[in-house]
Amino acid sequence: MARRQYPFHLIEPKWQQHWEAEQTFRAWNPGDQLPAAHPFALRHSLASAVARKESLPPKCYILDMFPYPSGAGLHVGHPEGYTATDILSRYRRAQGFNVLHPMGWDSFGLPAEQYAVRTGQHPRKTTEQNIANFTRQIRSLGFSYDWSRELATTDPEYFRWTQWIFLQLYHAWFNPETQRAEPISTLTYPADCQTEAQRRTFRDGKRLAYVSEAPVNWCPELGTVLANEEVIDGKSEVGGFPVIRKPMRQWMLRITAYAERLLADLDTIDWTDSLKEMQRNWIGKSQGALVTFAVAGVADAAITVFTTRPDTLFGATYMVLSPEHALVASLTTPDQAAAVREYQTFAAGRSDLERTELAKEKTGVFTGAFAINPVNGERIPIWIADYVLASYGTGAIMAVPAHDTRDFEFAAKFNLPVRQVVQPPDAKTPWQGFTDPGTAVNSSSAELSLDGLPTAEAKRAITAWLESRNLGRGTTNYKLRDWLFSRQRYWGEPFPLIWKRDADGTLYHEALPESALPVIPPPLDDYKPTADGRPPLARAADWVELPDGSIRETNTMPQWAGSCWYYLRYLDARSSSGFVGSDAESYWMKAPEAAPTLSASFRPSPGVDLYVGGTEHAVLHLLYARFWHKVLFDLGHVSTPEPFHRLVNQGLILGEDNQKMSKSRGNVVNPDDILKEFGADAFRLYEMFMGPLQDVKPWNTQGVAGVYKFLGRVWRLFIDEATESEFEQRCTVDPSRSAEFLTEVRLAPNVQDIPADPFHLKPLHSCIKKVTEDLEGLRFNTAISAMMIFVNEAIAWDVKPVAALKPFLQLLAPFAPHLAEDLWSRLHQSLGVSTPSLSYEPWPRFDPTLLVEDTLEIPVQVNGKLREVIRVPAAATNAELEAAALKAEKVLPFLAGKTIKKVIVVPRKLVNIAAV
RNA sequence: GCCGCUGUGGCGAAAUGGCAGACGCAGGGGACUUAAAAUCCCCAGAUCGCAAGAUCGUGCGGGUUCAAGUCCCGCCAGCGGCACCA
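Numbering (the numbering used here), first residue to last: 10 to 925.
By construction, these hints were calculated from the structure, which means they are not laboratory data. Just so you know, these numbers come straight off a predicted model, no measurement behind them. One or more hints might be untrue.
Below, in silico cross-link-like pairs of lysine-lysine (DSS-like), each with a Cα-Cα straight-line distance of 30 Å or less [unchecked claim]:
#1 Lys918 / Lys896
#2 Lys255 / Lys437
#3 Lys685 / Lys718
With the sequences and hints as input, model every part of the structure.
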């Protein structure tokens, strides 16, 4: 272990305790009674007052993605984002904003449940232990969270409201006319819904939360179904276990209804392009047409296909249905029936993995039936093949092998005809397999000709023709599927639902009343799913069966449920009368109408002002949360259409070997070890100094030593060497009295309360300027280097004016808050004045007049190459600059024998002489 | 295959179209020390040169410009996402 640069081991716990005791970082809501002595109240003249929306300063909501408290403890990746948001929170507080900066626990999750299955220990117990460990680790980093708002998704007082929000979804439907969710009571029933049972079936089919019997991703190893998003290459995202398709009764959320709004509203928020692009890809909007084909010889059978290339309709030489398509059985001719059935069995048995891995080789069989191409009356064969997915579009396609890669491969394998209908723009490009836009050819009938039309126009023409004949219509399709929302697990939110039978014996579901919330999972002896595949909750017979004969839903919600709305609970975390109070919601989520100009370059936005987390949540969490938020918005429970206005992904931190950190590689860095040796301030500073927040970057413990040395220099900038070394000697003798000895350490004698002159103020103010600008741009690494430059300069001063050092401590405070607080309080003590709270001291402003130079160093180039740097008065005119450059000593030899063609003078910057 | 991001010293990185490599790590030299650690000062892209200095240099090839790491066109490599989505 290296020599301790400064007594961080005493300083850091001291200030952490101070902040906790003083509730320094408590964020105040409208309606809160502010204490008389709280520094926020003093700064904003609200001491002893009841805060009102109008009297509170403008809000700023800075949020971290809350962690899953795993047994492994904190990872160095967690504090990266947390430090960035903490720095920004402290900065905004100093600017005068009312900052909401909370932390909590995404504590439902599989590991605690798997541990319970193995040991029988209740997951709540494991979860509590892990939360305690995470709390200790996160607190030791000195983040300025408002811990009074801490929440855990596993807390019944939290998931009561998760269940309540589920009920809002259950009791709502999406009205396509208004494009919004509305209470289910606004639903109008079709005329053929006569009986209550019919109306119920219709209603249940419209709810945003509904039951589906569709095939799902069943993971036998985990004993649960998984959402499509949780299956990677046919294996579970968690654990990498095989996943098979299996039809089961499941709860679904109708996220597809929101596809268009989820897509369109991306344009209203400030996320990176790459992240928006990932969401756009996931939503997968495509424009095209539905086209209906009659089936030859079967009067009332028709097959509708979705295509993005209706312009190629004349090139359709066969059709393909997915093996699961509803019409397959009725179309298939007797002599093909055996082959078709065999193929259906084959396809059903193929896992997703096999379907994708073996994608190169197309498979399929002929049904024996033919369809009629509506444009030219041609008979084309109908095949089934598993390269057509049942779940996308209509589950059926028209195959245009000439202009679709997959159809081309299939046609080649099964010897089906290939007919050109698009001419590539470049005559040399072969038309076979050409899928880009071109010009329509061979596309004429008696009634219609597309020939000669560019692809885009051909699409319009054919779509109009199809619509006029009632054979098809233009439409939009999305890849996004409804969200499979139930899991066969114990450690999740139970659904607030029960099942009943009506007079006919038909099973139906019903919501529990709000008064029944929270529905708490019953204790079990065994947490495994039952032998027949029912969820663990089914084991608790006396919980499942209610006195009136109805039975409880035994599925639980997925882990995403709790994280879909936690950012709203923070606004009013202890509310017992609603998921969030409306005053709190509108204060923190609405953009202030006329914010006083606290900052030239920042104004609070609607929703969360800054949300920082990893890219792993780019589609799942962020899409789900946006969806819930929009539903809550439609139903009038929140005031903005989007939850997270600005979102930044922190980059992954790799191990010292440049590989992803993992136990098996043995390159995991444990924050506890770093903290012990270098302290929290050095750890925070290093994580920010490594490079840009968004970049992937490797860990290097020697780099921590570097910023640690910088903090040591800051300490020595202020501290008297003699009393410091005496302190160290006394600590060696009696370490138990270290804290007491520390109070005897004095400021350096050359730290003096005298006026600062430009010699001191110039470097200070250029540092203020750089740090302030870099904070706004989240460029923490360059802000730190600006502070290093200042310290390198200031440490050489013979006399160190307090007036030049105090603002520096304010700049340092967001980054290294413990050290800054300690030196700040020493400085004030030595002046014999009371110490104002560093956290609420107004952020320093730089004075541009101090940064004005009286002479400038101007590079002189000849033909773009640097030849000399000349020193000129700052006021020099262009003509003077040019003259000085032309007679500069080292420039002359490069001009000798040449003709000067042109001299470019960039005022205050550079002179370039073009000479030949 | 498609989409997105990134390529700069030994390493992490910096640079509104205007002095490439700030700041830091590792390295070298010196001061202090009996010695080491720590601290302080100095050097430090590559090549050639005793030096002054010169030439080359931001993944590769072109282009625009008085001037390109930065803008444009075409490649290559790495990372991330999607992937039979019709």
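Against the structure, the hints:
1. Lys918 / Lys896: Measuring from Cα to Cα gives roughly 18 Å; hence the hint holds.
2. Lys255 / Lys437: Since the Cα atoms of Lys255 and Lys437 sit roughly 49 Å apart, the hinted pair is violated (cutoff 30 Å).
3. Lys685 / Lys718: Given pair Lys685, Lys718 holds - Cα atoms ~15 Å apart, limit 30 Å.
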